[in-house]
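Engineer: Chain order of the listed sequences is A and B.
Going left to right, the first sequence walks through residues 1 to 476 as the numbering used here numbers them.
Going left to right, the second sequence walks through residues 1 to 63 as the numbering used here numbers them.
Think of the hints as simulated: they come from the structure by calculation, not from any bench.
Please note that a few of the clues may not be correct.
[As the list claims (entries may be wrong)] DEER-style ranges, computed between Cβ atoms:
#1 Glu308(A) - Arg41(B): 10 to 20 angstroms
#2 Lys61(A) - Arg41(B): 23 to 33 angstroms
#3 Ile378(A) - Asp54(B): 30 to 40 angstroms
#4 Glu37(B) - Pro474(A): 15 to 25 angstroms
#5 Glu37(B) - Pro43(A): 35 to 45 angstroms
#6 Arg41(B) - Glu338(A): 22 to 32 angstroms
#7 Met53(B) - Lys251(A): 30 to 40 angstroms
#8 Glu37(B) - Thr396(A): 39 to 49 angstroms
[Unchecked claim] Examples of chain B residues toward chain A, derived with CB under 7 angstroms:
#9 Ala29
#10 Gly36
#11 Gly44
#12 Ala50
#13 Met53
#14 Pro57
Note that beta-carbon positions come from the ideal geometry of N, C-alpha and C, so glycine has one too.
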Amino acid sequence: MAKVGDGVFFATVVELSARLRAKEFSSEELTRAFLDRLEKLGPRYNALALLVRDRAIGQAKDADDEIKRGLLRGPLQGIPFGAKDLLSLARLPTTWGARPYAQQVFDYDASVLTRLARARAVLTGKLSMVELAGGGGYRYAAASMFGPGLNPWDPTRWSGGSSSGSGSAVAAGLVPFAIGSETWGSILTPSAYCGVTGLRPTYGLVSRYGAMALSWTMDKIGPMCRSAEDCAHVLRVISGGDSKDPGSAGKTFYYGPQYVPALKDLRVGFATSDFEEWIEPAGRPDSVKSLEILRGLGLQMKEALLPEFPYSAVAGLIIDAEGSAVFEPLIESGQVDELADQKQIAGLKAGLEIRVKDYLKAMRIRRLIQQELRKLFIGFDVLVTPATRGPATQITQALDRRSAGLAKPRSRGLSELGAAGNLAGLPALCLPCGFAEGLPVAIQLVGRPFAENTLLAIGHAFQQRTDFHRRKPPGV
Amino acid sequence: MLLTRRELAALAAAPLTAQEAAPQPENPAEELKAAGERLRRTAGTLTKYAVPMDAAPAFSFKA
Numbered sequence: 001m002a003k004v005g006d007g008v009f010f011a012t013v014v015e016l017s018a019r020l021r022a023k024e025f026s027s028e029e030l031t032r033a034f035l036d037r038l039e040k041l042g043p044r045y046n047a048l049a050l051l052v053r054d055r056a057i058g059q060a061k062d063a064d065d066e067i068k069r070g071l072l073r074g075p076l077q078g079i080p081f082g083a084k085d086l087l088s089l090a091r092l093p094t095t096w097g098a099r100p101y102a103q104q105v106f107d108y109d110a111s112v113l114t115r116l117a118r119a120r121a122v123l124t125g126k127l128s129m130v131e132l133a134g135g136g137g138y139r140y141a142a143a144s145m146f147g148p149g150l151n152p153w154d155p156t157r158w159s160g161g162s163s164s165g166s167g168s169a170v171a172a173g174l175v176p177f178a179i180g181s182e183t184w185g186s187i188l189t190p191s192a193y194c195g196v197t198g199l200r201p202t203y204g205l206v207s208r209y210g211a212m213a214l215s216w217t218m219d220k221i222g223p224m225c226r227s228a229e230d231c232a233h234v235l236r237v238i239s240g241g242d243s244k245d246p247g248s249a250g251k252t253f254y255y256g257p258q259y260v261p262a263l264k265d266l267r268v269g270f271a272t273s274d275f276e277e278w279i280e281p282a283g284r285p286d287s288v289k290s291l292e293i294l295r296g297l298g299l300q301m302k303e304a305l306l307p308e309f310p311y312s313a314v315a316g317l318i319i320d321a322e323g324s325a326v327f328e329p330l331i332e333s334g335q336v337d338e339l340a341d342q343k344q345i346a347g348l349k350a351g352l353e354i355r356v357k358d359y360l361k362a363m364r365i366r367r368l369i370q371q372e373l374r375k376l377f378i379g380f381d382v383l384v385t386p387a388t389r390g391p392a393t394q395i396t397q398a399l400d401r402r403s404a405g406l407a408k409p410r411s412r413g414l415s416e417l418g419a420a421g422n423l424a425g426l427p428a429l430c431l432p433c434g435f436a437e438g439l440p441v442a443i444q445l446v447g448r449p450f451a452e453n454t455l456l457a458i459g460h461a462f463q464q465r466t467d468f469h470r471r472k473p474p475g476v
Numbered sequence: 001m002l003l004t005r006r007e008l009a010a011l012a013a014a015p016l017t018a019q020e021a022a023p024q025p026e027n028p029a030e031e032l033k034a035a036g037e038r039l040r041r042t043a044g045t046l047t048k049y050a051v052p053m054d055a056a057p058a059f060s061f062k063a
């Protein structure tokens, strides 16, 4: 077998899988190469929570044994990956990125990790995250017991949160793919900041059993990869009903781009104001070009407008109320004061005082939001906006002051699609679409519930025309 | 304490820790007060929003 070369570190899952099957190298060789790289470079980006070397090598040997016997399971077989440290891994620390849980150990694996193990994917490490996935709201990138997630494109910039390590690790070629989670922005933001392709699945499509809860009605788990096609292969494995997750939709995702209508028949909604006013000036040129690329794919591009709702207020109040309820024992014990971010500590404490009537009001408005978005999607198959307001922020920048000084767009457009999509449980795909000041920028595609195949088909076509998802950070 | 050039270079290259990166300290009492006010403002926004009687909370949440 040939020696594993540096070329593997930025290859897609699909490419690595083909090379494994062609016996260019074994899973064990591939895994050892990624383990060494993760161990060496993970700390440079504050991305590594826990290396699981012996376990990984054992899993890789099992995968090799099956491949040798011709027992082929799918594209993830023998492929290394990393998982956000919010997922429990039996008998090993699961910290949730928070000092009070630094010694926490569970005796079971999260369902997502069980499914990936069954597919013979190889877990090489747990990846860092913002403490408690940012429940309570945080002001600084440093809101993590691992330190701020540093961006491989520029380590003075943040990798985004709360799946910080997952974003950095994929971008720096430390893992071929990673698992992240999103309550509101935690897959899409690090994917956009780090220039990786991230998928937030429909609420209920992926089991959250064994994952830290932040908001029972909004948490989702999803893949962060090098391409839309890789996201599809990972989602295929991790999706599916699970009686251990009360929010499970009991559905499974099957990757079937051939069953998606022709791109020329798909109607994509966008708002000019999002691309020309809402996004920071540096990010505008490449974001605007992405609309032209989508148009060039034959998609029907039409102006769209979100129905008027207080999306951010509703999402914020629900997450605050549910997050503070989840962490009530931590708050009442006083250990909450061990968290790194003062704003987060205060937010969690204050959340316990939210009145029942206010939570119910938020949940009732949420019902209306779901109904109105359903109507909006009668006229559109997909909505597209910039994934974030701009490229990655400076590590020391106060995150709650990012928009200060930016003029309010003339139209609300679709700029609140992040909050709206999460409230309605809609799937979203983050696609790198260019650069601003040397840092990645991205768009997000949002679709109807369980329309992941539509998003992935557009994403795959977009990535056939562009190479932003294949670019490597300088010096990595 | 004197540092060698190599030690200085290592320090410069070392990742930021949580404590180093966050401007400190903020006043916990003021933060708590501000968080409470933020929540009251948010609740006020929602209170003003009229919701029909038959809009049940999205408890049995399915996408």
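Engineer: Assuming the hint says 39 to 49 angstroms, is it satisfied by the Cβ distance from glutamate 37(B) to threonine 396(A) or not?
Structural biologist: Given about 25 angstroms between the Cβ atoms, the range is violated.
Engineer: Would the hint on glycine 36(B) be counted as holding, given a Cβ-Cβ threshold of 7 angstroms to chain A?
Structural biologist: OK, holds: glycine 36(B) within 7 angstroms of chain A, min 5 angstroms.
Engineer: Evaluate the given range 23 to 33 angstroms for the C-beta pair formed by lysine 61(A) and arginine 41(B).
Structural biologist: Taking Cβ atoms as reference, lysine 61(A) and arginine 41(B) lie about 57 angstroms apart, which means the hint is violated.
Engineer: Using 7 angstroms as the Cβ threshold, decide whether glycine 44(B) counts as touching chain A.
Structural biologist: Hint on glycine 44(B): violated, closest Cβ of chain A at ~9 angstroms, above 7 angstroms.
Engineer: Taking the Cβ atom of arginine 41(B) and the Cβ atom of glutamate 338(A), is their distance within the range 22 to 32 angstroms?
Structural biologist: About 28 angstroms separates the Cβ atoms of arginine 41(B) and glutamate 338(A), which means 22 to 32 angstroms holds.
Engineer: Can the hint on alanine 50(B) be confirmed by a CB-to-CB distance to chain A that is less than 7 angstroms?
Structural biologist: Since chain A brings no Cβ nearer than about 10 angstroms to alanine 50(B), farther than 7 angstroms, the hint is violated.
Engineer: Is 30 to 40 angstroms a correct range for the gap between the Cβ atoms of isoleucine 378(A) and aspartate 54(B)?
Structural biologist: Roughly 21 angstroms apart at Cβ, these two residues miss the hinted range, so it is violated.
Engineer: Under 7 angstroms, Cβ to Cβ, is where methionine 53(B) needs to be relative to chain A, so tell me if that hint holds or is violated.
Structural biologist: violated (10 angstroms)
Engineer: Given the hint of 30 to 40 angstroms, is the C-beta distance from methionine 53(B) to lysine 251(A) inside that range or not?
Structural biologist: holds (32 angstroms)
Engineer: Holds or violated: the hint that alanine 29(B) contacts chain A, with Cβ atoms closer than 7 angstroms.
Structural biologist: violated (9 angstroms)
Engineer: Do the Cβ positions of glutamate 37(B) and proline 474(A) conform to the proposed distance bound of 15 to 25 angstroms?
Structural biologist: Cβ of glutamate 37(B) to Cβ of proline 474(A): about 44 angstroms, so the range 15 to 25 angstroms is violated.
Engineer: Under 7 angstroms is the threshold here; is the Cβ of proline 57(B) close enough to any Cβ of chain A for the hint to stand?
Structural biologist: Holds - the Cβ of proline 57(B) comes within 7 angstroms of chain A, reaching about 4 angstroms at its closest.
Going down the numbered hints, you'll see the structure goes against 2, 3, 4, 8, 9, 11, 12, 13, while the others check out.
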